[in-house]
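Chemist: Residue-level listing of the chains:
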Amino acid sequence: MDLDRWLGQLRRGTLDLCVLRVLGRGEAHGYEIVQRLKQARFLTIREGTVYPVLQRLLRAKLVRAHARKSQVGPPRKCFMLTTRGWTSLHEMEARWTEFVRSVDSLAQEGSGQ
Amino acid sequence: MTVDAEGQRLIEEYLARVRTSLADWRRRDRQEICENLRAHIEESHASGFAGAERVKAILAELGPPEDYADDSRRTQVRLRLRVGSYAGLLTEPFVVLAVAVAVMWLWTAYVVWPIAILMLVPYGAMLAWGAVARGLGRGAENGPGRLPAVVRLARWPVVIHVLGTMASLWVTIDMILAGDSTIHIMIRSLGAAYVGLGCCHLLAIWLASGKPLLVRPARAGAGAEDG
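Residue numbers (this note's numbering), protein chains in the order written: chain H, 1 to 113; chain U, 1 to 227.
Any given hint could turn out to be false.
Simulated pairs of lysine to aspartate or glutamate, DMTMM-like, Cα-Cα distance not exceeding 25 Å [as the list claims (entries may be wrong)]:
1. H:Lys-61 / U:Glu-32
2. U:Lys-56 / U:Glu-6
3. H:Lys-61 / U:Asp-24
4. H:Lys-38 / U:Glu-42
5. H:Lys-77 / U:Asp-174
6. H:Lys-61 / U:Glu-35
7. H:Lys-61 / U:Asp-174
8. H:Lys-38 / U:Glu-66
9. H:Lys-69 / U:Glu-43
What the hints contain is simulated information worked out from the structure, not anything from laboratory work.
The following block holds chain U by itself, in its conformation from the complex (with noise of 0.2 Å):
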């Protein structure tokens, strides 16, 4: 089958459309149903050209691809949270970010100063969360299913980052419970809170993956989703 370009632009938007749906499965199997239904709109007009109106005529016969996700399949395994235009406080995660950097600066003001590296941690997570947000609420100029560019440019060096984090937190709270001295601890600490950031980084692409989340708002029109 021949498509003009309008209908080109027509099927693609309906697969991505499709796979936005079907966000929550895994990406191999979007990717074999999305096959599927280039075959199928393939063998739906079978020789020829077809214009954009027949392109649509066939896509209306397959139905709007919202009604393809199937409750049973989503998953619940890992916590996620949704960001975004949606999740209230968490639309704003720079603001929250900046009330948490002033009050934890104020605090360790008090405490030894090095365990203020260590707070670097939930401020990358903070950052990290802010990152997502601002991507998945731009999720249609990424495209369904992409990452943010922020978290994608960085994706594998933030796994050696993690491996990096077990190792170091696991010496320096060693270290802190054999009374090592302060140097030391910094030094670990640094260490900690480099590797702490790329942890952050790896749940920030993780939470970017578009999947359906733990928080589920209610879509305009949808109604409210179950949990």
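Just chain H, same shape as in the assembly (with noise of 0.2 Å):
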């Protein structure tokens, strides 16, 4: 069993509602959200596949991006949740919550046997 490719299918899984999450903290431009997905254990993803993530959400109208202005350098594009977003964000962490709930039973159901 190749753990990594495991451990990268999963991250890849949940990626969406982990950057909606960042959001949900607070607005960030893309290296801040990368920094932050970093800080999190097991979450080392490859940072360029944030992108596409954050364009699909962008297209799903679940964030939306503004230029916020900088103190040093040219203004920054900055993300935040949409009122669309925030529900998916709730929806998804409920589903979420369910699923690994559902997967724990799993393995109690087995420990008991």
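Take each chain as given, in its own frame, and dock them per the hints.
Modeler: Quick look at the structure:
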């Protein structure tokens, strides 16, 4: 069993939720989002993969972008959740909780045998 | 961030790979992703001068652009065929064209000869297909996402040709069914054939867009792709 590959699939599958969660804490530009994700254990993602996810969330109107003035350098493109994004985030978190509970229940059933 | 010439080259090469990897995304989305990546690279080394080695390290952290592609975004709405060095017989479209021309002309010798003019439409299709095959096969020199020069030049007039094709073909069929004179059928047929070639040229432009296609080859080292 290739654990690295399996973990990679897990990360890819949850990246949308992770990005929404980061933005749920406040607006951020792309580099900030990547740095926040890297701070989480086990979320050692390829940094560049965040950007297609962001673009997809933009197209789905779950996030929106605006230019934020920077004290140093040109304005930065910042992302923030839309109302639809907040709704999706809450729904995804609820489903995620159920999903984790279901997976954990299998382990408990197995240990009972 | 100031980058030396080699570092800039590495960045452009990386972004070109990103555009290729996301070839089935809309152009605007690809552009925005590349802009965001540029900003990320700038942010990674906010001040001072970054040489090629530093740029390489930043790009390594970003990861291979080939990982960006998401299977869920591949569109199957339009039928497209991958040409170039992958597609078997289609790698030699001019061979197919030569055989098709020979067969068509042999056949039309026994039939009313104006119909042969209408055969120019499939001939044009194969010719355009050949241009696409050659263009995509030379994709590296054209640059990712760029159309071959042969189709790029006639892009917009072809749109007019397509509209004319629809009208002209309709009128031709109508006149044949009405038993109109041969001369009139010939004139209309010539018009239909001409604009038909334009329609085929438009097909060539679309095929040459470089996006993933219906017939997916197995890339070396990547395993078979799903269709």
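Chemist: Give a verdict on every hint.
Modeler: Hint check:
1. H:Lys-61 / U:Glu-32: Between Lys-61 (chain H) and Glu-32 (chain U) the Cα gap is close to 15 Å, so the pair holds against 25 Å.
2. U:Lys-56 / U:Glu-6: Distance ~10 Å between Lys-56 (chain U) and Glu-6 (chain U) Cα, so the pair holds.
3. H:Lys-61 / U:Asp-24: holds, 20 Å
4. H:Lys-38 / U:Glu-42: holds, 18 Å
5. H:Lys-77 / U:Asp-174: violated, 57 Å
6. H:Lys-61 / U:Glu-35: holds, 19 Å
7. H:Lys-61 / U:Asp-174: Since the Cα atoms of Lys-61 (chain H) and Asp-174 (chain U) sit roughly 49 Å apart, the hinted pair is violated (cutoff 25 Å).
8. H:Lys-38 / U:Glu-66: holds, 21 Å
9. H:Lys-69 / U:Glu-43: holds, 14 Å
Consistency note: the structure conflicts with the earlier hints numbered 5, 7.
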